[in-house]
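Read off the chains here:
2 protein chains.
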Amino acid sequence: MSVSAVKERLIAALGSDYVHDSHEMRLVYSYDATPGMQAMPDLVVMPGSTEEVQAIVRICNETKTPIVARGSGTNLSGGTCPVEAGVVLTFQRMNQIVELDEENLTLTVQPGVITQEIIEYVEAKELFYPPDPSSMKISTIGGNISENSGGLRGLKYGVTRDYVLGLTAVLANGEVIKTGGKLAKDVAGYDLTRLLVGSEGTLGIITEAILKLIPLPETKQTVLAIYEDIDKAAQSVSAIIANKIIPTTMEFLDQATIKVVEDYAHVGLPTDAGAVLLIEQDGAPEVVARDMEAITKLCTEMGATSVKRAGSEEEANALRSARRAALSACARLKPTTILEDATVPRSKIAEMVRAINEITAKYQLDICTFGHAGDGNLHPTFLTDARNKAEMHRVEQAFEEIFAKAIELGGTITGEHGVGAMKAPYLEWKIGESGIQVMRAIKTALDPNNILNPGKLFFEKKEVVS
Amino acid sequence: MSVSAVKERLIAALGSDYVHDSHEMRLVYSYDATPGMQAMPDLVVMPGSTEEVQAIVRICNETKTPIVARGSGTNLSGGTCPVEAGVVLTFQRMNQIVELDEENLTLTVQPGVITQEIIEYVEAKELFYPPDPSSMKISTIGGNISENSGGLRGLKYGVTRDYVLGLTAVLANGEVIKTGGKLAKDVAGYDLTRLLVGSEGTLGIITEAILKLIPLPETKQTVLAIYEDIDKAAQSVSAIIANKIIPTTMEFLDQATIKVVEDYAHVGLPTDAGAVLLIEQDGAPEVVARDMEAITKLCTEMGATSVKRAGSEEEANALRSARRAALSACARLKPTTILEDATVPRSKIAEMVRAINEITAKYQLDICTFGHAGDGNLHPTFLTDARNKAEMHRVEQAFEEIFAKAIELGGTITGEHGVGAMKAPYLEWKIGESGIQVMRAIKTALDPNNILNPGKLFFEKKEVVS
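Sequences listed follow chains W and E, in order.
When we follow the UniProt record's numbering, the leftmost residue of the first sequence carries the number 1, and every step to the right adds one.
When we follow the UniProt record's numbering, the leftmost residue of the second sequence carries the number 1, and every step to the right adds one.
Because the hints were derived from the structure by calculation, they are not lab data.
Take the hints with a grain of salt, since some may be wrong.
As the list claims (entries may be wrong) - Chain W regions said to be covered by chain E (calculated; three or more residues, Cβ under 8 Å):
1. 45-56
2. 146-154
3. 183-190
4. 212-218
5. 317-328
6. 337-346
7. 425-431
Each residue gets a CB set at the ideal place from its N, CA and C atoms; glycine is no exception.
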């Protein structure tokens with residue numbers, strides 16, 4: 001069916017205000033935060049309800065039109081780039097907090113709510129939604145769920161998956177499923193909730209979510225530990241865990257990142273240091289005080305040249321914001337910033353950082369490495385220029401070697417950014433041929449016409465005729 | 001292919017010591033802990049490695065022979081009863097703790113390890129594996145994973161799913177997949193780890209698991225709150241949560257259960273009380289002391305006639321063991337004990353218990369109700385006699401009404417025991433027709449010959465020709 005016929009049917013379902021095909025609108029939704037990826041959709045639609053999402057999906061399924069559902073597009077894996085054209089579905093009109101249930105400690109939300117809005121909304125009630133991706137100021141909860149976003153508090157509190165209790169989703173055939181509920185325990189059949197979480201919009205379109213909340217920790221303390229080299233920082237991470245302390249956050253910045261961030265944020269980071277750890281602990285005041293004393297002692301024993309406690313919440317917040325701004329700070333230096341999230345077992349961080357530096361030197365590239373040291377989730381970030389084809393080719397080769405090293409160390413190709421289009425060629429390295437077969441079988445069973453975010457997760461080997 | 005031909009092929013793969021078809025052996029594996037279910041398998045096999053499991057699965061897949069993988073069979077849903085005959089696969093020979101990794105806080109285990117062995121093993125190292133199903137003294141970790149077992153500590157610490165980081169599993173085609181790893185974050189493709197957890201052996205056979213450990217809480221305190229009626233107990237549960245306290249455990253016993261348990265365990269339960277709550281909190285000493293003071297105050301305010309703190313760990317353990325023995329205690333009174341696990345949002349517990357009592361009176365049955373009040377997971381337990389057909393029919397009707405009420409209150413048909421064969425007819429009540437379609441599609445995609453634990457989860461409507 002022609003695009004204009006699909007458009008007419010969509011207008012009949014949604015009204016003409018919410019179906020767009022202007023060049024400007026298509027351009028706006030032709031890319032996401034991933035560098036070097038752009039593809040024009042044919043149409044942009046803005047449903048206002050689950051029923052309207054159903055209508056869109058039915059039309060697309062009948063006409064075999066691709067649908068890319070998206071939030072703010074802050075994923076860094078090309079997950080929401082409409083690589084096979086078709087319809088982009090956005091959730092601006094479905095951006096309501098539906099219900100706070102203080103008895104069951106749940107929050108019901110529509111997919112278009114901004115993550116930070118959720119966090120602030122529940123904190124005002126002394127409740128806590130822990131997942132805090134660096135993009136939380138602009139990312140949507142629907143995107144977070146579809147990508148199973150992580151964040152800085154993942155070490156102690158887990159990731160988005162651990163806070164999704166139930167979902168309403170529209171399947172490729174237009175049917176609605178409701179999974180889970182306001183339930184701490186539910187084993188009625190396969191865990192479709194967690195199958196949808198992190199499925200990157202390829203198995204269903206999430207239209208409502210029930211989130212789990214926990215009580216807000218009473219207090220929080222922040223320290224900055226400064227090191228001459230990465231090994232001592234990594235040893236500190238291991239020593240803290242070995243002492244049975246699980247901090248809320250243990251963020252790592254290498255020397256290059258420290259310089260870039262300080263130049264951007266002016267928070268007093270030591271630009272001559274080899275590495276820093278930003279460590280936070282939250283909880284009851286007595287426990288936080290005791291843990292922080294132990295953490296300070298352990299960091300010093302492992303060779304930190306200084307361990308400074310943030311003197312106020314403002315100072316702590318400045319440090320946290322500086323860390324969250326690492327990607328933006330890097331992006332100032334070169335036209336193109338490519339950030340990855342190879343992840344390794346915590347015990348392998350120092351080895352992984354050394355390998356990243358060796359690979360970077362080998363390919364003569366500029367890199368900043370930072371990330372979540374507590375959970376082994378690193379963000380090696382190449383500063384480059386997409387117009388320099390030769391350098392971009394070396395970046396690609398370097399990333400392949402980084403992924404291979406992460407796998408060799410028992411890690412994964414992506415800790416929190418998703419596979420999307422960018423990492424599809426490498427998924428098999430992590431999960432093997434049999435894993436790919438299982439995932440493809442699930443995809444085909446649930447979306448036989450391959451309309452839901454096609455071109456993602458699975459790599460289509462192109463036949464090369466020479 | 002004939003059973004004897006399958007047997008010969010299995011003997012060729014495993015050796016004759018590990019392939020059994022004696023009447024005694026088949027009888028032993030013809031049932032599990034579920035009352036009223038028995039079916040004879042043709043063969044019982046005992047693999048010693050993942051490779052041997054692969055060999056078994058390949059033979060069964062080629063010959064379309066059902067395989068029921070099982071641990072100790074403590075599920076209460078008929079999940080491991082070989083209802084379509086075929087092969088029962090047991091893990092007695094795969095019962096090793098493979099590796100404790102103290103740096104990454106993981107424990108790698110084979111499926112046949114007893115849950116309590118894991119708990120004791122890691123606690124000796126001051127580490128903690130929280131999931132503690134009541135059956136933990138005899139249940140295996142493989143069974144716990146396949147059923148996504150809960151337990152008494154689920155309110156604060158979550159369930160088995162939350163502690164499985166990676167799995168090795170044999171698929172229906174004999175291929176091996178390895179999911180996850182020693183990784184706090186991993187979003188490489190669909191979450192196959194959590195799809196396998198709770199899939200009741202219908203999607204793959206788990207042959208190794210990487211479990212997440214956390215630091216062992218420093219201290220624990222236990223109180224017993226005594227009430228004249230269930231409403232005051234339920235209000236106490238709500239008040240504690242509303243005060244932002246999440247106890248480790250909040251177990252509820254109704255009057256009938258109190259009497260039965262006290263008669264069995266002699267731990268000093270007040271047999272004239274309408275209900276008791278067994279509440280535990282663990283953590284740092286200061287926090288536990290403060291929480292317990294607040295809990296005592298709140299229970300008293302809500303109308304507890306007494307709130308007694310266990311004076312010693314022995315006394316606390318006696319109370320805990322008494323609670324865990326509730327099912328065994330009930331089983332002494334009547335020939336047949338049928339325990340269910342309808343689960344509702346925490347705020348609906350009192351309403352659900354009242355409904356259970358009304359339904360029980362309507363059908364003139366004997367019932368004890370106990371369970372995990374903190375997470376809304378109740379265990380209404382009918383004391384009956386399988387030989388009394390009329391009464392058994394009434395029990396069935398009563399359970400149908402209980403399930404319907406749980407669903408009406410936003411709950412589920414099973415919080416932690418699984419669907420198995422027993423609850424297959426009711427699964428659609430929870431997840432709807434579209435949910436069943438999705439689950440069937442996944443099952444068919446991964447196990448096209450339906451050899452993995454057939455007859456479970458999905459209800460086959462029998463055509464009745466009149």
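Now the hints, each set against the structure:
Look at the region 45-56 of chain W against chain E: 0 of its residues bring a Cβ nearer than 8 Å to a Cβ of that chain, fewer than three, so the hint is violated. Using a Cβ-Cβ cut-off of 8 Å, 4 residues of the region 146-154 of chain W lie near chain E, which meets the minimum of three, so the contact claim holds. A count of 8 residues in the region 183-190 of chain W with a Cβ less than 8 Å from any Cβ of chain E is obtained; the coverage claim is therefore met, three being the minimum. With 3 residues having a beta carbon nearer than 8 Å to a beta carbon of chain E, the region 212-218 of chain W meets the requirement of three or more and the stated coverage holds.
With a cut-off of 8 Å between beta carbons, the region 317-328 of chain W has 0 residues touching chain E; three or more are needed, and the interface restraint is violated. Given as covered by chain E, the region 337-346 of chain W passes the check, having 4 residues with a CB less than 8 Å from a CB of that chain where 3 are the minimum. As drawn, the region 425-431 of chain W meets chain E at 3 residues by the rule of a beta-carbon pair under 8 Å; at three or more, the given contact holds.
Going down the numbered hints, you'll see the structure goes against 1 and 5, while the others check out.
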